[in-house]
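Colleague: Sequences are here, hints too, so could you generate the full structure?
Each chain, letter by letter, is given below.
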Amino acid sequence: MKKRITKLMALLLTTSMLVPMTACSTSKKSASDEHVLNIWCWNDEFQSRFNDYYPEVKKVSKDKSKTYLKDGTVVKWTINENKDNNYQNKLDEALQEQDEKDDNDKIDIFLIEADYALKYVNSSSTLDVVKDIGLTKKDLGDQYKYTKDIVTSKGVQKATSWQATPGLFAYRRTIAKQVLGTDDPKQVQEALGDWNKFNEVAGKAKTAGYQMLSGYDDSFRVYSNNVKQPWVKGDTVTVDENIMNWVKQTKEFTDKGYNNKTSLWSDAWSKDQGPDGKVFGFFYSTWGINFTLMKNSLANPDGKAEVGNGAYGDWAVCEGPAPYYWGGTWLCAAKGTDDKKEIKNIMLKLTCDKENMKKMTENPDIQDYTNTQSGMEEIAQDPKFSSSFLGGQNHVALFSESAKKIDMSNTSKYDQGCNEKIQTAMKDYFDGKVSLDKAKKNFETSIKEVYPNIKKVKWPKD
Amino acid sequence: MVRKMKENKTKKYKRDKHGVWGYVFILPFFLAFAIFQLIPLASTVYYSFFEYYKDGLDIVGPKFVGLRNYIELFGADLPKYMGNTFVLWIVGFIPQIIVSLILAAWFTDERLKIKGKQFFKVVIYMPNLIMASAFSMLFFALFSDIGPINSFLQSIGLIKSPIRFLSSVVGARGLIALMNFLMWFGNTTILLMAAVMGISPSLFEAAQLDGCNHRQIFFKITLPSIRPILVYVFITSMIGGLQMFDVPQILTGGSGSPNRTTTTMIMFLNNHLYSKNNGMAGAVSVVLFVICAILCLAVYKTSDPAGENK
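Sequences listed follow chains A and B, in order. Going by our numbering, the residue at position 399 of the first sequence is 506; the numbering climbs one at a time, nothing skipped. Going by our numbering, the residue at position 89 of the second sequence is 669; the numbering climbs one at a time, nothing skipped.
What the hints contain is simulated information worked out from the structure, not anything from laboratory work. Just so you know, not all the hints are guaranteed correct.
To be verified - What follows is a list of derived Cβ distance ranges for each label pair:
1) A:G310 x B:I729: 31 to 37 Å
2) B:C872 x A:E307: 54 to 60 Å
3) B:K856 x A:K447: 29 to 35 Å
4) A:K169 x B:G833: 33 to 39 Å
5) A:K442 x B:V870: 40 to 46 Å
6) A:E348 x B:C872: 42 to 48 Å
7) A:N150 x B:Y626: 37 to 43 Å
8) B:I710 x A:D544: 37 to 43 Å
9) A:D210 x B:G833: 38 to 44 Å
10) B:M717 x A:K177: 41 to 47 Å
A quick note: this is a predicted structure, and the numbers were derived from the prediction, not measured. Just so it is clear, CB atoms sit at the ideal spot from N, CA and C, and this is done for glycine as well.
Modeller: Written out as structure tokens, the structure is:
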């Protein structure tokens, strides 16, 4: 008897050790018959637009992880933060397993950003929004051309966006008055119309006790969007002359004390946008002004955003030295989805419906710049529309001018890594820690690490 | 006769049947080891000879390239990252071992009669309980250009403009070494204390009777007696240092800045894993494995009691 028990115990112990290993492999079956639409994104921006502006929404679950639609469909949100490429890593894995999954577990819609859009657009993981999903050229006709160009591969449009993200130069009115004697956007634009004028004003700002820009990366996008060739062709990275112009300008600004030596998104950079900031202005695109800059400019971040709270109302925007864009989010339909009809309806309502999108722009809490040319023109002409954060200026009017000039023909799927790595590498040069040649070498090393298929880096001749 | 038969029977029974159960009991470990360690290890070595990475969503390879990954690796900056790792480790280790030795000697000295020993032991061990990444985030905030340290130094008038700690080689490396020192000196102190307390008190008494002073007791008795533990601390710290990752990774945002002087071996490995470059990452891992193995062999050699008695 005793022997039996010992044996039994031994068996039990060994098997119990094995159980956790095998438990993971048993496949999950969907619990109910409900129809699920899976949307993948990296923050709650699109989620909140969807919940507020998609007309089919019936209710939202308490933790916001699910949205219930009127026809009984459940929208399941999968939000993975983008830090350290986390979002793309998880997304790539999920897309690879797409074919083996139940219909309710398959990704139906996922969101992408401009810097790596081509990685997905050029792949077979995304569907043609016209042929596969069924949006017509007419539906997409009112969208800004550049928002379609960037997600078009070999003549096939693979994604669609509800926003356009033209960039502007946002400046502090009080500082502009001291440096230029005026805070009127037209006159300030006159003074900052090209890079030479811009650098000149930087000198004036310095004598008045201010810095023109906060840090090293502030003007990067304005240069990198106006390049003559894409970052990567074949296995070669070509550094455009305009990128080197950014390096030259930033080094000059740093040595002369025209900037505060901060890096993008650092706490010092955010603080420069606050009430005590001594920085003339920031290059920001649509989302940045109403989302990031406004938050950073408040003295009391928990208080109401209104005139009197920090630098609220002390800002204004002008077009700056060159047109550019920054950021932007696109919706992709994932290959293998079983919900093309719903996807079509969502894309139609959120990215092609002029009235719906105008409402997003007119909502004072959002003021997103939406992807409808005619709608934005109307708001631009509307004398009643203004932003109290920007001292009563109608910024949409300026954005709509700038959005037309955006040229996205020179993007590549390696833009994200190239942009990040050149900023990191050049920072040491700006700091005076390494020579320009060494900084270039460091860029070459890191870009080959990120993209193993890159074999050569070509620099412009001095 | 009957009794003898019985004895034989039990002996036989023990050998034949219970022996099998022993194997059954250790089977789970070997299974787990094979699945989670041995097979991945073998595949790491295997893939280190291949070109195998991801270009966007497309997988390139695996294509056999022989030793190309290794040649590229040593042609690239690998020696530099080895050097970085060594510098970051040694700069933290030297103060760590000195402080730990002094504290261990003080805490175990009967004549000093330190009050609240237990309290101090807990306090010095505390930093080790904090997650390295959290500790690193804390230092990142403390020593940022507009952080509290700079504000404080400015307000008491020591400096005029903020010190940009993380933009200078000395600053960034110094902070990493400081963090490693703070995190590990408590642990080392407790190890060394245990070693010191293992020395026979009669040795100390004899020395005192012979008129030795503190310094002589420390150098002539304490140090030689705790040599095996010192070697152990040295080797484990070296292996830990070789694997240094989270502190510099988070403090520099993964860039190993400035000028890649804080990029450690594992950060270099992480850079390749980031791009899903299995071939190169495998090659880096194999090199690391070899270095670790050599160090482990050194542990066995030095902790060998036969060598000890020489």
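Colleague: Starting from the hint 54 to 60 Å, judge whether the C-beta atoms of C872 (chain B) and E307 (chain A) obey it.
Modeller: holds (58 Å)
Colleague: Taking the CB of G310 (chain A) and the CB of I729 (chain B), does the distance hold inside 31 to 37 Å?
Modeller: Given about 32 Å between the Cβ atoms, the range holds.
Colleague: Taking 41 to 47 Å as the hint, is the beta-carbon distance of M717 (chain B) and K177 (chain A) inside that range?
Modeller: holds (45 Å)
Colleague: Has the hinted range 29 to 35 Å been met by the Cβ atoms of K856 (chain B) and K447 (chain A)?
Modeller: At 31 Å between Cβs, range holds.
Colleague: Please check whether K169 (chain A) and G833 (chain B) have a Cβ separation lying inside 33 to 39 Å.
Modeller: Given range 33 to 39 Å: holds, Cβ gap about 35 Å.
Colleague: For K442 (chain A) and V870 (chain B), compare the CB-CB distance with the range 40 to 46 Å and indicate the outcome.
Modeller: With a Cβ separation near 43 Å, K442 (chain A) and V870 (chain B) satisfy 40 to 46 Å, so the hint holds.
Colleague: Take the C-beta atom of E348 (chain A) and the C-beta atom of C872 (chain B), compute their distance, and say whether it sits inside 42 to 48 Å.
Modeller: holds (47 Å)
Colleague: Check the following: the C-beta atoms of I710 (chain B) and D544 (chain A) are separated by a distance inside 37 to 43 Å.
Modeller: Holds - the Cβ-Cβ distance for I710 (chain B) and D544 (chain A), about 41 Å, lies within 37 to 43 Å.
Colleague: If you check the beta carbons of D210 (chain A) and G833 (chain B), does the distance land in 38 to 44 Å?
Modeller: For D210 (chain A) and G833 (chain B) the Cβ distance comes to about 40 Å; the hint holds.
Colleague: Given a hinted range of 37 to 43 Å, is it respected by the beta-carbon distance of N150 (chain A) and Y626 (chain B)?
Modeller: holds (39 Å)
Checked against the numbered hints given earlier, this structure breaks none of them.
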